[in-house]
Amino acid sequence: MNRIQQAFQKKGKGLLNIYFTAGYPRLHDTVPLIQAVAAAGADLIEIGMPFSDPLADGPVIQASSTVALRNGMNLRVLFDQLQGIRELVPDTPILLMGYLNPVMQFGVENFCRKAAAAGVDGVILPDLPLDDYVQEYQEIFRRHSLRPVFLVTPQTAPARIRRIDELTDSFLYLVSGPGTTGGQNTQAEGVQEAYFQRIEDMQLRNPRLIGFGISDKASFRQACRYAEGAIIGSALIRALEDTEDAPAAAQQFVRSVLA
Amino acid sequence: MSTTYQQPTERGYYGQFGGAFIPEMLYPNVEELRENYLAILADPEFQQQYQLLLRDYVGRPTPLFEAKRLSAKYNTHIFLKREDLCHTGAHKVNNTVGQILLAKRLGKTRIIAETGAGQHGVATATVCALMGMQCIVYMGEVDMERQKPNVYRMRLLGAEVRAAMSGSRTLKDATNEAIRDWISNPVDTHYIIGSVVGPHPYPDLVARLQAVISEEMRKQLLEKTGSELPDYVVACVGGGSNAAGAFYHFLEEPAVKLVAVEAAGHGIHSGHSAATSVLGKPGIIHGSRTLLMQDEDGQITEPYSISAGLDYPGIGPLHAFLADAGRARFISIEDEDALKAVAECSRLEGIIPALETAHALAVLGQLGAGPDDVVVVNLSGRGDKDLETYVKYADSML
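Order-wise, the sequence lines are chains C and G. Counting along the first sequence from 1, when you hit position 57 you're at 57 in full-length UniProt numbering, and nothing is skipped either side. Counting along the second sequence from 1, when you hit position 280 you're at 280 in full-length UniProt numbering, and nothing is skipped either side.
No lab work stands behind these hints, which were simulated from the structure alone. Heads up, a few of these hints could be off.
Which stretches of chain G does chain C cover? Using the computed rule of at least three CB atoms under 8 angstroms from a CB of chain C, they are [unchecked claim]: (1) 21–27; (2) 172–179; (3) 255–267.
To spell it out: a stretch of chain C is covered by chain G in this simulated footprint if at least three of its residues, at any positions, have a beta carbon under 8 angstroms from a beta carbon of chain G; those stretches are [what the hints assert, rightly or not]: (4) 18–29; (5) 83–91; (6) 168–181.
As the structure is a prediction and not an experimental result, all values here were calculated from the model. Every residue, glycine too, gets a C-beta built ideally from N, C-alpha and C.
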């Protein structure tokens, strides 16, 4: 059983996955932030690999990526920072989230080797198509025991959801509704409920985390009614915007969600 | 299935370039388009509507004009394919007329588009007015400033113009914002991409809709020169839609030399350039694997050109393949030489070209075309939108 599966087995319900952008607000905040959100009770940690053109992200994560890149963040720096992270945070699953082009330029094999060596458990690349993953990446991911995480949206067809479910041993990332990260959820509640229920009824192998538009205790609790847990990113980053002490602000934010 | 130059593989690859690298949120939309576009394009009723609009609304066929004074100057036979005479002033409308009909077939009620120089935005706003569809155009804030007349035209046509404020605030960023809009509106919206870029099937779809340019060229050349095949076809490339259309029916004719002209900006290696075929490496932009200007970490770099329509860090995957395979020759032209070409074409032929098009005209002296050769330049757009720039640089143009 991998670290992600263990986390789900241990807690069962109400898991909180916290996203933040590596190298934001300052270049060397990455590791202190990992420690802070883990200590505050986050069950999974998703580290954003900043990209110049993050298509699936809204303004908050875009802006944090721009700052991180300006700070000098790149994959070499990130893997340097992550060295020894498992001595500090032994059990909390760590995932890397980003876009395909920087990973391609770094070299997929090299990327997977470095990620695995650092103790990373999973990778989320929203612009990596399923077919390309299966044909070109799956073997490399497996060799390095990295789990891919794929997104599912209200428009994803059932057969495709089954296929996604077969391709990983981690979790399914349920996008709450139409939109990029950090948006307001404008759907009628019944519509969203029906979508989550439809997925629940499929009795999938993998647990589910709901993301996009989850921002505080209330929306986190609401999401946890329909899935094993939820993902918060933009709201945390907003909490780091005007602070001198990012780890303390992150800790306070995570505690406010779990309180 | 093996690739020809004209036809990508089923998954949208031209050699190693193309594909559909899109987030799951876009998958159903793009898949719906991929499954339907060939059948819709082939449908007789669609073709009848499309051809009728091309004739009576766009004003096709556009003339193939023998440019005698330019020919005398460069000691060869130069023909100009007058896409600047299309309704709205550029070739862009060939594509938007086709895509709006396609969007209606797919039951879409809301149209979004990106625009650089504003020509695609105007062409999209125009067909939306014609069809009574809601239209939102994303345009970089910098481009809104340097192509003001087109912003006013779009608004007059009833479109909403939204400023893209991220990155270099030009075409790349406008495209990002349009894609984000599509992610947020996955059911009722069709995205009319303006060039042969984006995820499959867009590069093929747009190339097919622009192919009317070279289809007409062949007929007109036969009439005027006795042969359907010229020696050279020259076109500018930003994303590459006018070049794709001008090359399309010559791609499988090895005797025809294809010349693609990129914007070198202040100079290819000046750090202010958009010469993607020289500066780019394979990478992913806007859902397509293509040649891409990027740094060593895979971050997309900001391109530069005086011309808003060529100011793009990638090129369509078809063009990346043509460059890679050596099927097309790529030449880059600096701002200053493009401006000189504007003046030259204006004074010798009485035709004021768009800044984008001027890059293509600027290579006439370096083609190596002989006195008996036939050169066709795709005159992709007219210069009205660039008048402010031409006034500003009047001294250096002449």
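Results of checking the hints against the structure:
1. 21–27: holds (count 6)
2. 172–179: Satisfied; 3 residues make the cut.
3. 255–267: violated (count 0)
4. 18–29: violated (count 0)
5. 83–91: Three-residue rule not met by the stretch 83–91 of chain C, so violated; n is 0.
6. 168–181: Held - the stretch 168–181 of chain C has 4 residues with a Cβ nearer than 8 angstroms to chain G, which meets the minimum of three.
Checked against the numbered hints given earlier, the structure breaks hints 3, 4 and 5 and satisfies all the rest.
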